[in-house]
Structure formats: structure tokens, C-alpha cells
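Trainee: One line per chain: the protein sequences are A and B, in this order. Per this note's numbering, the very first residue in the first sequence carries number 1; after that it's consecutive. Per this note's numbering, the very first residue in the second sequence carries number 124; after that it's consecutive.
Since the hints were derived computationally from the structure, they do not count as laboratory data. Every residue gets a Cβ at the ideal spot worked out from N, C-alpha and C, and that includes glycine. The reader is advised that the hints may include incorrect statements.
As the list claims (entries may be wrong) - Below, a list of computed lysine-lysine pairs in the DSSO-like style, where the Cα atoms sit at most 27 Å apart:
| # | chain 1 | residue 1 | chain 2 | residue 2 |
| --- | --- | --- | --- | --- |
| 1 | A | K96 | A | K53 |
| 2 | B | K396 | B | K383 |
| 3 | B | K190 | B | K239 |
| 4 | B | K272 | B | K306 |
| 5 | A | K53 | B | K383 |
| 6 | A | K96 | A | K118 |
| 7 | A | K96 | B | K383 |
| 8 | B | K224 | B | K259 |
| 9 | A | K51 | B | K383 |
| 10 | B | K383 | B | K177 |
| 11 | A | K41 | B | K220 |
| 12 | A | K37 | A | K54 |
| 13 | A | K54 | A | K96 |
| 14 | B | K272 | B | K409 |
| 15 | B | K272 | B | K237 |
| 16 | B | K272 | B | K302 |
| 17 | B | K383 | A | K41 |
| 18 | B | K383 | A | K37 |
| 19 | A | K41 | B | K177 |
| 20 | B | K191 | B | K224 |
| 21 | B | K180 | B | K383 |
| 22 | A | K118 | B | K383 |
| 23 | B | K237 | B | K190 |
| 24 | B | K383 | A | K54 |
| 25 | B | K306 | B | K334 |
| 26 | B | K224 | B | K190 |
Unchecked claim - So the derived label-pair ranges between C-beta atoms look like this:
| # | chain 1 | residue 1 | chain 2 | residue 2 | range |
| --- | --- | --- | --- | --- | --- |
| 27 | A | V83 | B | E221 | 24 to 34 Å |
| 28 | A | F92 | B | K220 | 35 to 45 Å |
| 29 | B | T303 | A | E122 | 51 to 61 Å |
| 30 | B | K220 | A | L93 | 43 to 53 Å |
| 31 | B | P341 | A | I120 | 21 to 31 Å |
| 32 | B | Q393 | A | L93 | 38 to 48 Å |
Here is how the chains run, residue by residue.
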Amino acid sequence: MKNSRHDLRILGAVIVLCFLGSIAVVALAEPADQVVKITAKMFEYSPNEIKLKKGVPAVLEFTSLDRLHGFSCPDFGIRTDIVPGKVNTVRFLPDKAGTFPFHCDIFCGEGHEDMSGKFIVEE
Amino acid sequence: MKSGIDRREFLKLAGVGGVVFASGLSGFAHAAENKTVPEDFFFVQMSDTHWGFKDEKANADWSGTLKKAVASVNGLETPPDFIMFTGDLSHTTEDPKERRKRLGEFRGIISELKAKTIRFMPGEHDASLDNGEAFKELFGATHYTFDHKGVHFIVLDNVSDPSASIGESQLQWLGDDLKTRDKDAMIVVLTHRPLFDLYPQWDWATRDGAKAVELLMPYRHVTVFYGHIHQEHHHMTAHIPHHAAKGLMFPLPAPGSAPKRTPVPWDPAQPYKGLGFREVGTRIEKREYRIAEFPVTKG
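Excised from the complex, chain A in its bound form (with noise of 0.2 Å):
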């Protein structure tokens, strides 16, 4: 009986521990990603123009609305596919702020040359 509460009190200390571990943990975690969910049709980016914050991770999630796009960003050298029927996922880390154009690289019709559009990165 002796034992028993003795295990209970060393317990219950390694659950406080773990608790105030785990909010440690979140003070010091990188700041929640930036998730921009894009669809792509023939022959635009919807949205087109987007506002990231630099130093935080991004995470794009592309959906395709009819054929095989693609995204490329040679700026930050990220791009994919964009294959109908899934979401097309890319995560970087926008580093540096500006203006920096993104673009279907993968020819989609007469229009493939407009699908563009651009990342406006803020301090």
C-alpha cells in the first residue's frame, strides 16, 4: 500500500513534467505554416497574386480543374505537377522577401504563355 502511493506520487510528477515539457515544446516551435490552397485551369492561377511572410514556411496546395498543369518558381527552385483528381502538394521556405513570379511549365493550350502569376514576400 506504502509502494502503491509512492508510485502514484512519481507518476503523477512525470505527468506534470510532460506537461510543462510539452508547452516548452510549443514556445519553441517554428511558427505554424502558411497553407495556400491554388487551383489551376486552363490558363490561370487562381489566386494568382500571394502574400507570404518570409521566414515561414509555406506549404502550396495545387488542384487541377481540367488538364496536367505544372508550377514553377525558379526563384525559389520549387515546382510540380499538377495532376487532375489530387492535390499536388509543394512546401518551401520563402527566405527572402520581393516579388517573385511563378509559372505553368508544362504546355496546356493557347493560353500557356498568360498561366503565370506571383508571390509577393513580406518581412
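Assemble chain B onto chain A, guided by the hints.
Mentor: For chain B alone, coordinates are given in the frame of chain A:
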């Protein structure tokens, strides 16, 4: 044999501007001693005719420009040995029937060219929506090689795959072809898109172009001629020069000079400005090419 090259006024530059590039002479000295030097010759590069494009804001003479260029090529002082069209013969369309119609009309117009040999390759407007199917029906293979008077020509297809890739299979084919060549061979690569990252922000690149350049790098006398960007442009990757040609329907802005790669508006005060074709003269003994740029309407 007198080639006629010396009668012409060629602008000669070293690295930028209108013309020329030479490489070493080492391997050629042997050929000269053996009296096996092939004769010099000319070929003409025509590009980006975009037949089917009908926007008068970009070309008020969209129906007549190609015909005028054909007449100008036919009027060249020395007829070229052959003419090479470096892609985007037609302007893209979703309709496969219309695509074939445009390619057929293009072929009808250029049939007026006097040159006996005319060669073709597709651009993304011809081939990317059907993986080159219509092009192959009307013009044949999208990548191939040929030899002419001592120069080995390699036509690379970086458009039938809509992702602007050459692809592993074609790269293997290129590698196999190059393995049979002497490192001093004169090699000309003809392609539509730039093989290097000219301006990827406008899709002016080939996704796996660096792999092709890597395969070409051991060869000392390689020159690349391409189209796609509708303007004259010259670039070196190590010792390999890359020369972009003007188009024959609408010019595009200089890389990165405008928010978008939209056609430069037609200027009634300077019609056909920014459009034209080029003549390439080989100087076999010097292992160099001289490029002369011509406007659509050659005087």
C-alpha cells in the same frame, strides 16, 4: 571552290551580337593535308512562323509575312544548300483537325522555296498537345541526324513532351550517336527551346537540357542553333555557342524585360521589325560559322 561567302558582308563579332563563332583548327589540319577538306556551304534557318496566329495587334500582315520571307530567301545571292525550320511552324490549337490544317497550309506556302532540301522540327505549338502526332504525320521524325559536307547535324526534340523535356530515351540516343563521333568533329545541334536556362521564369529552358549539354561538352566544335524566343540571342556554355533566331510572326520581349512574355506590338512605322531569318555560312577550314541576319523583306 569559291563559296561566295567572301562576297557577302557578314558582321563578325566574338561572343555577342550578330554573328560568328570559331573553334580550334587542330583536327582539321590533317584533313587539309590529305586534301579531303569539304567545301564551305550555306544553310538558312527560319523559325517560329506560327501559321494560324491572327492577331493584328502583333502582326498586321500575319497572312503575308511568311510569304514575303519565302520570297526573300529565294532571292538570296547564293542559294542555300538546305533550309532548316526550327519549330513552331504553326500556332497551337486545341482542335487536332485544325492543327493538321494549319500545318498543311504552312507546308503549302513554304513549298514555294527554291531550295531542294528543306528540313523541319516541331515547336511546342506544333507538338506538345499531341506528343508530336500531327507533326510526324506531315513532316516525319521529330529528332534525327544528317550529315552535310563534313558537318554532323543533330536535330533534338525538346517539345513533344509538354514538360519541355528531351527525355531519357532521346538522351540515350544522343549519347549513342555522339560516341561514334571524333572529338574534333564539326557538330551542329538544331533544337527549338534553349538547352540552357535562358530565362526559366518565362519557360525559356529545357528541363533536362543540361544533360544534353553535358553529353556535348567533350566535343570541341559544337554549335547550337535554336528558336522559341523570337529574337536573336547568343550565349556560351563553356566552349559551346548557342544562337537563337528571330521569328517570322511576332517578336517577343528581351528575357525578363517585361512582366509577361507577350508579343511586341506591331509598329506601323517599322513593319516587320524584329522579324527575320538567318543565313549560316560554314567556314570549314577555320571551323567557324558566320551568321548573317536578314529582315523579312530583303532588299
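Trainee: Decide, hint by hint, whether the structure agrees.
Mentor: Hint by hint, here is what the structure shows:
In summary, the hint linking K96 of chain A to K53 of chain A is supported, as the alpha carbons are separated by about 9 Å, within the 27 Å threshold. Proximity of K396 of chain B to K383 of chain B is assessed by CA-CA distance (about 20 Å); at most 27 Å being required, the pair is judged to hold. A threshold of 27 Å between alpha carbons decides the hint, and for K190 of chain B with K239 of chain B the separation of about 18 Å falls inside it, so the pair holds. The suggested pairing of K272 of chain B with K306 of chain B holds, with an alpha-carbon distance near 17 Å, which does not exceed 27 Å.
Between K53 of chain A and K383 of chain B the CA atoms are separated by roughly 25 Å; this keeps the pair inside 27 Å, and the hint holds. In summary, the hint linking K96 of chain A to K118 of chain A is supported, as the alpha carbons are separated by about 14 Å, within the 27 Å threshold. With a C-alpha separation of about 22 Å, the suggested pair K96 of chain A and K383 of chain B falls inside the 27 Å cut-off, and the hint holds. Distance hint between K224 of chain B and K259 of chain B is fulfilled; the C-alpha atoms sit about 14 Å from each other, no more than 27 Å.
The straight-line distance between the Cα atoms of K51 of chain A and K383 of chain B is roughly 20 Å, inside the 27 Å bound, and the hint therefore holds. With a CA separation close to 20 Å, the supplied pair K383 of chain B and K177 of chain B stays within the 27 Å bound. Under the criterion of a C-alpha separation no larger than 27 Å, the hint pairing K41 of chain A with K220 of chain B is consistent with the structure, at around 23 Å. Annotation: proposed proximity of K37 of chain A to K54 of chain A holds, straight-line Cα distance about 18 Å (limit 27 Å).
Taking the CA atoms of K54 of chain A and K96 of chain A, the gap is about 6 Å. The hint holds against a cut of 27 Å. In summary, the hint linking K272 of chain B to K409 of chain B is supported, as the alpha carbons are separated by about 14 Å, within the 27 Å threshold. Pair hint K272 of chain B plus K237 of chain B holds up; C-alpha atoms about 20 Å apart against a cutoff of 27 Å. This hinted pair checks out: K272 of chain B and K302 of chain B have alpha carbons roughly 20 Å apart, not beyond 27 Å.
Pair hint K383 of chain B plus K41 of chain A holds up; C-alpha atoms about 18 Å apart against a cutoff of 27 Å. Restraint check for K383 of chain B and K37 of chain A: satisfied, since their Cα atoms lie roughly 24 Å apart, inside the 27 Å limit. Distance restraint check for K41 of chain A and K177 of chain B: the Cα-Cα separation of roughly 24 Å lies within the 27 Å cut-off, and the hinted pair is therefore satisfied. For the given pair, K191 of chain B sits about 21 Å from K224 of chain B by alpha-carbon distance, which is consistent with the 27 Å threshold.
Taken as a hint, the K180 of chain B and K383 of chain B pair is honoured in the structure, with Cα atoms around 16 Å apart against an allowance of 27 Å. Restraint check for K118 of chain A and K383 of chain B: satisfied, since their Cα atoms lie roughly 11 Å apart, inside the 27 Å limit. Using a Cα cut-off of 27 Å, the hinted pair K237 of chain B and K190 of chain B holds, with the two alpha carbons roughly 13 Å apart. At most 27 Å may separate the alpha-carbon atoms for a hinted pair to count; K383 of chain B and K54 of chain A meet this at roughly 25 Å.
A distance of roughly 18 Å separates the Cα atoms of K306 of chain B and K334 of chain B; the hinted pair therefore holds under the 27 Å criterion. The hinted pair formed by K224 of chain B and K190 of chain B meets the criterion: a straight-line CA distance of about 17 Å does not exceed 27 Å. For the hinted restraint 24 to 34 Å between V83 of chain A and E221 of chain B, the CB-CB distance of approximately 27 Å keeps it satisfied. Separation of F92 of chain A from K220 of chain B is about 42 Å and conforms to the stated range, judged on CB atoms against 35 to 45 Å.
Checked against the hint of 51 to 61 Å, the C-beta distance between T303 of chain B and E122 of chain A comes to roughly 56 Å, which is consistent with it. K220 of chain B and L93 of chain A have their C-beta atoms about 48 Å apart, which keeps the hinted 43 to 53 Å range intact. Distance hint check for P341 of chain B and I120 of chain A: the Cβ-Cβ separation is about 44 Å, which falls outside the suggested range of 21 to 31 Å. The hinted range of 38 to 48 Å is satisfied by Q393 of chain B and L93 of chain A, whose Cβ atoms lie roughly 47 Å apart.
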